[in-house]
Amino acid sequence: MLQGFFQIALTLIILAVIAPVFGKYMARVFLKKSTLFNRAINPIERFIFAVAGVRYKDNMTGRQYIQAILISNLVMGVFVFSLLMLQGLLPLNPTILNAPSWDLALHTAISFVTNTNQQHYSGETTYSYASQMLALCFLMFTSAATGLAVGIAFIRGLTGRLLGNFYVDLTLSITRILLPISFCGALLLLLAGVPETLASPAIVTTLEGTTQTIARGPVAHFEIIKQLGENGGGFFGINSAHPFENPNTFTNLLATITMLSIPMSLIFTYGIFANNTKQAWLLFWMVFSIFIVLVGITAVAEYQGNLFVNNTIFGGEQPNLEGKEVRFGWAQTALWAVSTTATMCGAVNGMHDSLMPTGGFSTLFNMFLQIIWGGQGTGTAYLFIYSILTVFITGLMVGRTPEFLGRKIEKKEIVLASLVLLVHPIFVLIPSAIALSFPDTLAGISNPGFHGLSQVVYEYTSASANNGSGFEGLGDATLWWNLSTSISLLGGRYIPIIALLLLADSMAHKQPVPETAGTLRTDTLLFTSVTAGVILILGVLTFFPVLALGPIAEGFQLLRN
Amino acid sequence: MFIVRDIIKAIRITFVLWLLTAVIYPLIMIVIGQVFFPFQANGSIVQNLEGQNVGSALIGQVFTSDRYFHSRPSAVNYSSFTQQERDPENIGQRTGVSGASNFAPSNPDLLARINETAAQLEERGILPTADLIYASGSGLDPHITVEAAFNQLEQVAKARNLSPDEITPLIAKHTQGRFLWIFGEPGVNVLNLNRELDVLQAPLE
Amino acid sequence: MDSTTSSPISPRRRPTGPREGRKHTPKVSRKGLYQRAIRDAFTKLNLRQMVKNPVMFLVWVGTIITALLTIDPALFGTVPGENLRVFNGLITIILFLTVLFANFAEAVAEGRGKAQADALRSTKSDTLARKLLNDGSIQEVSSTTLRRGDRVQVIAGDLIPADGEVIAGVASVDESAITGESAPVLKEPGSDVASSVTGGTRIISDELTIQITADPGKGFIDRMISLVEGAERSKTPNEIALTVLLAVLTLVFLLVIATLPFLANYVQSPVSVAILIALLVALIPTTIGGLLSAIGIAGMDRVAQFNVIATSGRAVEACGDVNTLVLDKTGTITLGNRLAEEFIPVKEHSEDDVAKVAFAASIFDQTPEGKSIVRLANKLGSALEFDWSKAEAVDFSAKTRMSGTNLPHGVEVRKGAVEAIKGFVRSRNGQIPTDLDAAYERVSRLGGTPLAVALNGDIYGVIYLKDIIKPGIKERFDQLRRMGVRTIMLTGDNQITAAVIAQEAGVDDFIAEATPEDKIAVIQREQAAGKLVAMTGDGTNDAPALAQANVGVAMNSGTQAAKEAANMVDLDSDPTKLIDIVAIGKQLLITRGALTTFSIANDIAKYFAIIPVIFTAAGIERLNIMNLASTQSAVLSALIYNALIIPALIPLALTGVKFRPLNANQLLQRNILLYGLGGVVAPFVAIKVIDVVIAAVGLG
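Chains as they are written, first to last, in our numbering: chain A, 1 to 561; chain B, 1 to 205; chain C, 1 to 700.
FYI, nobody ran anything at the bench for these hints, they're computed from the structure.
Derived lysine-lysine pairs resembling PhoX-like cross-links, with alpha carbons at most 25 Å apart:
id, chain 1, residue 1, chain 2, residue 2
1, A, K412, C, K235
2, A, K412, C, K52
3, A, K408, A, K278
4, A, K32, B, K9
The shape of chain A in the complex, shown without the other chains (with noise of 0.2 Å):
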């Protein structure tokens, strides 16, 4: 047990160092100072925005960057509905396979363009090449560039910054940290063994003489931008849990690191904008201690295992690997899981329908919350959402109208903010509860019980907020659950983006109040603890009863047995 936890320590620990380093380049990017690859970027970036007809200095209004979004996210989304759609006529389809039907297509389309990734299919047997790699591969990385973009803008105009332009954004995330990276990334992966080939599934006899496929393609390129851009799809329908996909612990090392490294980072990159390094670390460490807690409650309980499993087959302790790879096993799994949904990556490693309960709760607190790192740009943001929150609430109390970060905290922020505590609610709850009333003929429920509850209300959440995971069990390929979650994705991915950056916007217009001992400073371990605090009950006290009846109750159910 201790070997797992230090295998645990030792990964945060090496993260713990990247993410001021990376965070730092990250500032350096946004704030279009040189970088080291200014030379070997600068003629694609003045390519790019030649075509694209981009005028770099040109500042966008909140209202425009929204625009622009929007329509830019529109017109990806459609292009990739329409290649999926066209995948029978489309080459580089060696398994000719046929077009999906039109709601797998629509809810693919609109989960890869939400930066979500929820599959509602097996890669294998769905997507051809072509649309895994022209279709899907393109969406991940402009999803996660999109919401890296408007992580920064938020940034930005929280410290009082004009918002940018979200076509320059855009593209310098993509040139100067996702495609670095990932090309680096996927040539390590392709050392490891994961496959890049356009050649079909390998056919084989087996050593006792049946018929064995073997499914390839692809992979490399596409695994690391999988897991770089929080975006999770897998190639294969079992995802990282895939051999070809992580194939040893080298690269699920790699894939745990490049998962968390972007959130992570992104709380260092606010901390170079507002010239705060010590709220950076401040926010880091209260997310981490955070973080931590849920990893540790859910790897021991997977090492603990299955307590009735364990009293009539062992006769002692044995870890729960139901749903875990040998090379994994229950530490590297939990670990994994909990980041998973931390970052709103939802690529899996371990199956989390099989989780212990204390997994399913942990998993989906984290999804409740979004912030324990959150989502690709958008996490950070919902972070001082919180913060901004906590500030209003208890800012009062040291006898000033809030403010945060000098600027006054009004009635439209708080508009904006609290739309952002809304969004789960609407596109979780109600779904949920139209879903549970019609079990039989709309929620294809696979566990009973308590456990049949988590499935659903975990799938609205996943989709909700952008994570993409699931509890995959749950016959989730049916008319009924691709455009339900759709709206769920669309809800919870562009509802709270236009929020954030008016509320950027909004805040990057007022005046600043020069600070004073009256000032609440929000750089302190009183004022980030209070954050906690504020997070954690906000989050149990919408939450609470669906956490009761879905893993709590499970949990006692499984003690009582």
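Given the coordinates of chain A, work out where chains B and C should sit on it, guided by the hints.
Leaving out everything else, chains B and C in the frame of chain A:
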């Protein structure tokens, strides 16, 4: 009309970014893979003594014979099928599949399946370990734990008329350790181990 | 100012000083107040009024539904359980009380203002006014017909019919109706301060001609009435933002509760509608929702109790945010009257010579300064050496900046600003003594005001007028600094004097030789840096600065223009009060924040009380960490706590959380422990206690 201009701009940026991320980038990677690392890039396909492809070094297989070490339970039968099971309508047989049971710990079906597996192991006289009882995540897990390998050692040795001491070094040889001796869990690659056993006992030509 | 140097600024403590012995503004009977509040609590149940407060409105709707469920428990389908009617009835009663308590809180807060308004209204009777017509004749008209610009004549014994400016006559006026100050005030035309009169006050001697400055219903008293009554009370920006947040939280909980039965049904653990409503009410922020408007009204009221009329809640709120106080030196930092401390001779003159000339120059001077010069001269043995009935006074004017006496035989004695006297002497072909500047500087360095004295063309010396810094003022500025408020002193004194006084009084910055334009410039400069500025003023030339400042407090003794430009009027005309008003503003915000935090923190305990017991079928009774007796007792306990906490907190809402002049971090730490952590823990204890009682009574 601003909206038209914005749409055109969006189309242009979509096109150029698509070219970069979905065409140029993958093509470079495919070329590098095929030229410099063809073995890995094509799925680490391994051959038997006769040079026929028998599987991938990274993907597990079903083993039912006593002469082989057995793999973990799989929800998708390791993406393999017998001659009788061949079914042209089944896309999965053409494309390959992966998958897990997705049973919740509280699901009675899980317990039923576990009891069945446990009974089979008991029948073969093998002590149950967690990896042999629980189904894998991918359904293609190439590994079993070292403990599970040793639990099967006696039966395999007996079936092959070898002494366990002859097989033990092979288990060690095919155990993939932790990365940097720290990360992940050690696992014995069942296919490689079984292939080596076949090599060991190959009829001399 | 009493010498409470180490005690915190407490807005509830009345500053002493100029207002000592003043009788208090309309007294309000406590008993009458509560009776009225209870009556009002019921009238506020009107749906149209309730809808303004979304949180309490929802409780009210819930009450109506549970009332229906009491009549027919199976209204929304049959529910298992015993004594449902009794249980639902109890829920209905508790919910009803919750609404009533919230209304009561608001009514109590409003009540004080209303009582004050009634007292004011009684002074406002329809009187007959003598209107001066253009042809000079007088027409008797009703005071309500008077318009801006009309002229009226008032004579001793009359009520002044409307607000106006004195244009002729000198008279004393009893203004106790609005200020509570019983001593009559002298009114005369032309002077900035003494020329404005207020409708409803009474002239007690002589007669005045007044030009009306306010249309009917728009006078000062009318404004005061509507302000203290809160009839025109509009929510402050912060209150609106908070209401939005509370409404969103309420909506979130509404969604949580509305979807809960579907989830619960799926896991075969159904809950009844009555319990869902109970859970909803327990979760939505009823505590702060019920007390929010009371806190705001009470804040305004506290300012009013302090004899300051705020024109809006926004102004009171802004006080809490003030970064910079712009203060006039005289009257605020120093006592209004400077006292002669020393005569400093120049050239060959002796101290006695200076004393003699100064004495002669001050015999007609009735200002405190002049009197103190006479006193000092007498002490030094000077005596009158001429027939003062034949002497002639030369009054001070802003233009000459000196005063004095013309003695018989063409002898002129003068005292005044050093520069002015120099000019005077030069005009009489006199010499400027070489050591004059040294004497002038010496006095300045001591923080005093130097006055030169001259006889004809000869400067005798300098009078050292000592400024007396108000006791305790330095400590108050220290406290302000700790709260993050900077003070800027404005004075007409020269640079050196100003620097010395600034140092002694402990202000952060000062502007010497300040003109009214400087005042505006300072305010604008500070505002450009994003600061909120508060200032006091009384003169007409202060009006632009008062309007420019974020918080402008006009002295009631000041001109109509100043009062209209300001957003607060201090009835006692005590500029020091600005400091207390800042504390009241902060206290208001702290109270609002503390109760919001408390209210939200409370929810955790309520969840742990209710959720485990209503989902026993789901097997989560182990979460019942409070070990509550039964489902019904748990639900009732949480609800009873939820209802009782409102009246329990009414006193706090009305008096405000005690404010200490600490920095923001210390304040947050203190209050978060008290109201945040306290808010988490307190209900666990309270609900458990109530549950024990209910179980003992056998209600559960």
